[in-house]
Structure formats: C-alpha cells, structure tokens
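Q: Listed in order, the protein sequences are those of chains A and B. Quick note: the first sequence uses my numbering, first residue 1, plus one each step. Quick note: the second sequence uses my numbering, first residue 1, plus one each step.
Just so you know, not all the hints are guaranteed correct.
One-sided and incomplete, this derived list gives chain B residues near chain A with beta-carbon spacing under 8 Å [as the list claims (entries may be wrong)]: (1) I56; (2) F59; (3) L73; (4) F79; (5) G89; (6) F149.
If you anchor each label on the Cβ, the simulated ranges turn out as follows [unchecked claim]: (7) A:L105 to B:S129: 36 to 42 Å; (8) B:S129 to A:K130: 16 to 22 Å; (9) A:I108 to B:P24: 49 to 55 Å.
The set of hints was computed from the structure by calculation and includes no laboratory data. Treat the numbers as computed from the prediction; the structure is a model and nothing was measured. Here a beta-carbon is modelled for each residue, glycine too, at the ideal position from N, C-alpha and C.
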Amino acid sequence: MARPRVPFINKDVLALLLTLLLSILLLFTRTSPQIRQLKFQLSWFASTLAYPVTWYNEVFTIREENKLLKNELIQLTLMNSELESYHKENRRLKEMLNFTQDKSLNYISANVVNHNFGLPAQSITIDVGKEEGVEKNLTVMDENGLLGKTIQVGDHAALTQLITDKNFRVSIRIGEDRALGLFIPTHGKFGILEGVRKSMPLNEGEIAYTSGISEIYPPNIPVARVISVKRDENNPFQHVVVELVGSLENLDYVFVIL
Amino acid sequence: MSKESYIQILVLSVVILIGQIFIPAFSFHKLKIVPDILIIYLTYIGFYHGRFYAIILGFIFGITQDFITQVELLGAMAFTKSALGFGLGTLALYRNIWPEHIRLLFIFLMYLLHFFIYFFIKFNGVHISIPVYIQVIAIHSLLSFTILFIIDKSFMKHGVTAK
Numbered sequence: 001m002a003r004p005r006v007p008f009i010n011k012d013v014l015a016l017l018l019t020l021l022l023s024i025l026l027l028f029t030r031t032s033p034q035i036r037q038l039k040f041q042l043s044w045f046a047s048t049l050a051y052p053v054t055w056y057n058e059v060f061t062i063r064e065e066n067k068l069l070k071n072e073l074i075q076l077t078l079m080n081s082e083l084e085s086y087h088k089e090n091r092r093l094k095e096m097l098n099f100t101q102d103k104s105l106n107y108i109s110a111n112v113v114n115h116n117f118g119l120p121a122q123s124i125t126i127d128v129g130k131e132e133g134v135e136k137n138l139t140v141m142d143e144n145g146l147l148g149k150t151i152q153v154g155d156h157a158a159l160t161q162l163i164t165d166k167n168f169r170v171s172i173r174i175g176e177d178r179a180l181g182l183f184i185p186t187h188g189k190f191g192i193l194e195g196v197r198k199s200m201p202l203n204e205g206e207i208a209y210t211s212g213i214s215e216i217y218p219p220n221i222p223v224a225r226v227i228s229v230k231r232d233e234n235n236p237f238q239h240v241v242v243e244l245v246g247s248l249e250n251l252d253y254v255f256v257i258l
Numbered sequence: 001m002s003k004e005s006y007i008q009i010l011v012l013s014v015v016i017l018i019g020q021i022f023i024p025a026f027s028f029h030k031l032k033i034v035p036d037i038l039i040i041y042l043t044y045i046g047f048y049h050g051r052f053y054a055i056i057l058g059f060i061f062g063i064t065q066d067f068i069t070q071v072e073l074l075g076a077m078a079f080t081k082s083a084l085g086f087g088l089g090t091l092a093l094y095r096n097i098w099p100e101h102i103r104l105l106f107i108f109l110m111y112l113l114h115f116f117i118y119f120f121i122k123f124n125g126v127h128i129s130i131p132v133y134i135q136v137i138a139i140h141s142l143l144s145f146t147i148l149f150i151i152d153k154s155f156m157k158h159g160v161t162a163k
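The shape of chain B in the complex, shown without the other chains (with noise of 0.2 Å):
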C-alpha cells in the first residue's frame, strides 16, 4: 500500500470517528441504539486492503469507541471489531469469486455476530428479554447493513454491490 492510501485511510479514519459521535441515537426499550458507521468504514477497508488493515482498524476503532462511550466495559468494542475486521478482511480474497449477493449476505452475517457478541458481553448478568436482545441485534445490524447498501449503491463504482 502507497504512502497516499496510509494517509487516506487515516484522515478518513479521523473524520469517521468524530463523525460516529455525533451520530444521534434513538430510544427503543429504553435502550439507545446508533448506527454504527464505523463497521461500515472497516467493511470498505477489509474489502480493498485485507484482513490485516481490518483487524488493525479495528481494533483502534474499538478501543477508541470503548474509551469514549463504555470505559467499564473497556476492551468489549476493541475485542468484537478486532474479531469483525478479521471476518471483513476475508471479503478481500474472494472478492472476485463470491457474487454480490454472497458478499451482502455474508457482511450481513458478520455484522449480526459483531452484535450478537457486543451485547452478549453488554447485557450480561442484566435483566433483558431474549425477543429485545435479538430485536436490538438485528436494528442494529439492518441500520449498518442499509446504511453500506445506499452508500455503495450511491457512491461507489467497485463497491461491495458490484456485479
């Protein structure tokens, strides 16, 4: 990778992190959701530059995220986008074997175990029904995946969506 795309990736990685905290969060069961635009950046990383690049990423986009909004539960973000920027980082070496609709399908899938294992560590020991766990999984995962999905569909020429 050039120079160029080091400095690339990290301006943009700057601007998409202050740009996360400013995101506005909703209420649902009395639980906040926000769309995390973070996973959607790591997917676009792990897609053109590989697992290596993602899990990096990752990994400073987690912990950053766990400093600012969970310092007690420190280490839970880094540890689940460590983990997704390894399982994104895969899209990078089949990129021209799986179909667009396998690669969806497959981001989809990683971003509702992301989830899965965020909460699992987030909600433990807390008194919360199974129906709103999965239910804030899922919003959670369906706001990420839109969100790719009209970014690529409107932005990117050789994106994720590409045939």
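Okay, chain A solo, but in the shape it has when bound (with noise of 0.2 Å):
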C-alpha cells in the first residue's frame, strides 16, 4: 500500500507567508515617518547581522588591495612632495592677496547598507547616524567625488540623496576661470552644466568642482568631468555634458563630511 503524501509546505504556514509578505509589501511602500525609522532600524539591524561575512569577505580582499595600494602610495608620494612645494607657493601668493585659510575636512566613513536606485527617486542607505554625529544636509562622497547629501538621518543609519537623483542640483565652479555653473543630472551617470557663459573656454576632461557657495557642500570637491562642450550662437551659455566622477556602482563605502 502506498505510503500517503506529506506536504512540503503546511497549508498554515503559506498562508502566513504569503500574508505576512504582502503586508511587508504594502508597509513598506509607505513613507510616513514611522515606516522610514522602521526602515532605519531594519537596515542596521541587518548590516549588524551581516557584519561577520562581510568582515570575512573582506579579510581575503584587504591582501590584494593592500599590494595596489603600496603601489599607489608610491606614486602618491613623488605626487604629494610636488604638491608641497605648490602648496607652499599657494599659501605665499594667498598671503600676498589676503586670502583666508580654508578649512579642513572632518569625515568619517560609512558603509552602504541599502540601495534604492528607483526612478526618479534615487538615494542610499548608510550605517552611521545620530550617534555618529551626522546630521541632514551632510556631503557624502567617495574616493573620487561628489556623492550625495544626507536627507534623513536615524539613530545608526542616514538617508542620503544621490547625485543622480532627479531633483538633485550643485553649485559648482570650472575652468581657468573658476566660472559658476549648476550641475543637473540627466541619466545614468550623466549631466549637465547650466550657466557656463559661452566666453569662457572649456575643454573636454576638465573637472567640475563644488563652488562653496552653498551651506552643504564645502567648496573644491569634484563632481563630473567635461565630455562634450557646445556653444549655440543664440544662447549666452555653452551647453556642458559632464560625466560624474563619483563612482556609483559598486557603491561599498562612502564619507560623510562633518
């Protein structure tokens, strides 16, 4: 006689699933604030959880990396002692024109918990917060530039808005000139420049970096690169297509400037 079938799955227990997804589901295409702090917690309490494989994973990578990076640093270091001595220049002709001293940068570094690369809406979770001392409309950037800035901020875990976001704007300066301009994103990791007067010259593979006239964002932090440049006789301004220099994809770790 033949044995009678068990289920896989209890008949209760998918139910429950099933319910319980969907409810998540629906929960979490919410945006009151209850639902984002609860979004905050869960992010952190996953990257908490996460933790020991990602510092697994990330104990065979530190070897590799730390070779490139002994070799960079080499470069780095016949870079820097040309830098100093322009520097040194600097400061001397800064004196001469009385110019203030900029401030340095305090950061610190955060890793990317979750992403959310919807359209138009684009931004990334990071897993640091209060407690960390970050606070809304922080910088965040990588090793390359501009990144985004902090929208909300949790306990340990901080909303950041992406540069690629539709409704992202920075005040940004180029050119010999140091000319104002406002960086646009467009797609991908595209963008435009607007206000470029047409009589400035500009080349390809030129860098946009933030002007420092806004209250977010400190001024000399590159944000795209020049890769296209034209000007229309009917229009005052060049039309500028840029490239970010923020490298968005494989986006691991970021810095918040304080």
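The two chains are supplied separately, each in an independent frame; assemble them into the complex guided by the hints.
A: Below you can see the structure in the form of structure tokens.
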C-alpha cells in the first residue's frame, strides 16, 4: 500500500508567509516617518547581522588591496612632494592677496547598507546616524568625488539623496576662470552644467568642483568631468555635458563630511 | 467546512467589521483607545476552524482596518492580524488538550504580542515614554480579553472558557 504523501509545505504556514509578505510589501511602500524609521532600524539590524560575513569577505580582499595601495602610495608620495611645493607657493601667494585659509575637512566613513535606484528618486542608506554625529544636509562622497547629501537621519542610519536623483542640484566652479555653473543630473552617470558662460574656454576632461557657495557642500569637491561642449550662436551659455567622477557602481563605502 | 458555514462566517465578518467602525473610543494620555472586537472574532475563528481561516480572515480584517483608519501605515494591521490569526489558530490544535486557564493565558499573551508589534510600528520614531507605551498595550489587551471573557461566559456553550 502506498504511503500517504506528506505535503512539503504546510498550508497554514504558506498562508502565513504569503499574508506577511504582502503586508510587509504594502507597509514598505509607505513613506510615513514611522515606516522610514522602521526601515532604518531594519537596515541597521541587517548590517549588524551581516557584519561577520562582510568582515570574512573583506579579509580576503585586503591583501590584494594592500598591494595595489602600496603601488599607489609610491606614486602619490612622489606627487605629494610636488604638490607640497605648489601648496607652499599657493599659500605664499594667498598671503600676498590676503586670502583666508580654507578649513580642513572632517569626515567619517560609512558602509552602504541599502540601495534605492528607483525612478526618479535615487537614494542609499548608510550605517551612520545621529549617534555618530551625522546630521541632515551633510555632504556624502567617495574617494573620487561627490555622491550626494544626507536627507534624513536616524540613530544609526541615514538616508542619502544621490547625485543622480532628478531633484539634485549643486553649484559648481569650472575652468581656469573658476566660472560658476549649476550641475543637473540627466540620466545614469551623466548630467549637464547650466549657466556656464559662452566666453569661457572649456575643454573636454576638465573637472567641475563644488563652488562652496551653498551651505551644504564645502568647496573644491570634484563633481563631474566634461565630456562634450557645444556653443550655440543664440544662447549666451555653453551646453556642457558631463560625467560624474564619483563611482556609483559597486557602492560599498562612502565618506560623510561633518 | 460547509457552504453554510462559509456564508455564516462571511456575514458575521461584515457585521463585526461594521461594528468595529462604530465602537466608541476613549482617550488615555492623549492617545485613542478603541476596543478591538475583530480579534475576539478572530479568536473564535482560530478556536473552531484552525489556523488557515484565522490567517486569511486576520489579513482581510487588518487590511480593511488599515484602509479605513490609517492609510499611512497600510499593512501594519494586516501584518499583526495575520500573525495573530496564526497564533490563535493553534487553539484548534490543542482544543482538547489545553485546560481552560492555559487557553485563556495563551489568548491573552497572543493579544499582548499583537498589540506590542502593532504599537511598536505605530509609535516608531514618535516621542512617547516606555511606561505609556506599555500601558497602552496592556489596556488594549485587557479590554479585548475582558470582552472576550464576558461574551464567552454569557453566550458561548463550548467556547474558550469551557471546561
């Protein structure tokens, strides 16, 4: 006689899982403060749980990274000595022109624990918050350049609006004349610079830096690299297409400027 | 379950859902306290018909309550009531094993857990003291439990308080 088949998944458990999953999906589509806070807490909890795995994976990549960094260090040491002399010269020239000294930047590093590359809002969640001294509207960058700003801060997590978000704007300076402009993202890692006057010479490959005019972003953080420049007879401004210098692919670590 | 039972459950569910809307609320520390009769009905569904029906009905009750009272937290009640349905459905499995006091204790703990999760979501990020939070959970649970106890003792022949 054939043995009765035992169902692999219990009907009750399946119903529970489905209803809970549906409820969670509905809950996380909400944008109320309670749900945002809940998302922060869950992100923080998940990153805490995943820490041993992350640490384990990191150990294996550190040796390789160390080798690369040593090579980079040698190159940078050589470059640094050159820059040191430029710095001294620059300081002397600034003193001659009575320029005030720029403040050095204080920053903390953070892990990216959640990505949201939806359209049009693009954001990431990082594992530092109020407890670590992070506030709203702080600059977030990687080693290459600007990535965004914090827009909501929890105790141990912060939501960061990415530079690729449709609503993101940042004032920049570019070129030898340090002309002012406005960076506006368009699609992917590309954007345009608005308000760069036509008379200013501008070449492909030039870097746009934050202007320091806004209270959010400190000056001289690389924002984007020029990839094409068009001048129109009827327009007083140049049409400048740029590519972001900050690396948005494989976003694992970022720095928050305090 | 027979067709008549389905219709009976459906009609009673609608009546109780409408009843829940008109239940008067009272204030405690500027917080609204409303007795939840849906979980009492869910207790009986779990007790007589088991987990599956209690989960499905709990989800439907929860999502309806969310739509009516708190769209900004849509899914919160559905989540807690589905989980509560699963918990209360356990009563059907142990109907003849657990004595009355164990059954009642289990139901009360389920109510406490349900309100604990719900108010954890609702008060998340809201500045509220822990004693008030605990009191709100306890009042809601006690209120629902007392109503269940009175209904069961007064009207139910083979209810959750039956020996």
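Q: Does each hint fit the structure? Answer for all of them.
A: Okay, the hints, checked on the actual structure:
Below 8 Å, beta-carbon pairs count as interface contacts, and B:I56 has one with chain A at about 6 Å; its hint therefore holds. Checking B:F59 against chain A by beta carbon gives a least distance of about 4 Å; that is within 8 Å, so the hint holds. A cut of 8 Å between beta carbons decides the hint on B:L73: the least distance to chain A is about 6 Å, and the hint holds. Given hint, B:F79 at the interface with chain A, holds; its Cβ is 4 Å from that chain's nearest Cβ, closer than 8 Å.
The beta carbon of B:G89 is positioned within 8 Å of a beta carbon in chain A (closest approach about 7 Å), and the interface hint is therefore held. At a threshold of 8 Å, the smallest CB-CB gap from B:F149 to chain A is about 27 Å, leaving the interface hint violated. Separated by about 39 Å at the C-beta atoms, A:L105 and B:S129 satisfy the suggested range of 36 to 42 Å. A hinted range of 16 to 22 Å for the beta carbons of B:S129 and A:K130 is consistent with their spacing of about 20 Å.
The hint said 49 to 55 Å for the Cβ distance between A:I108 and B:P24, and at roughly 52 Å that hint holds.
The structure fails hint 6 only (numbered hints given earlier).
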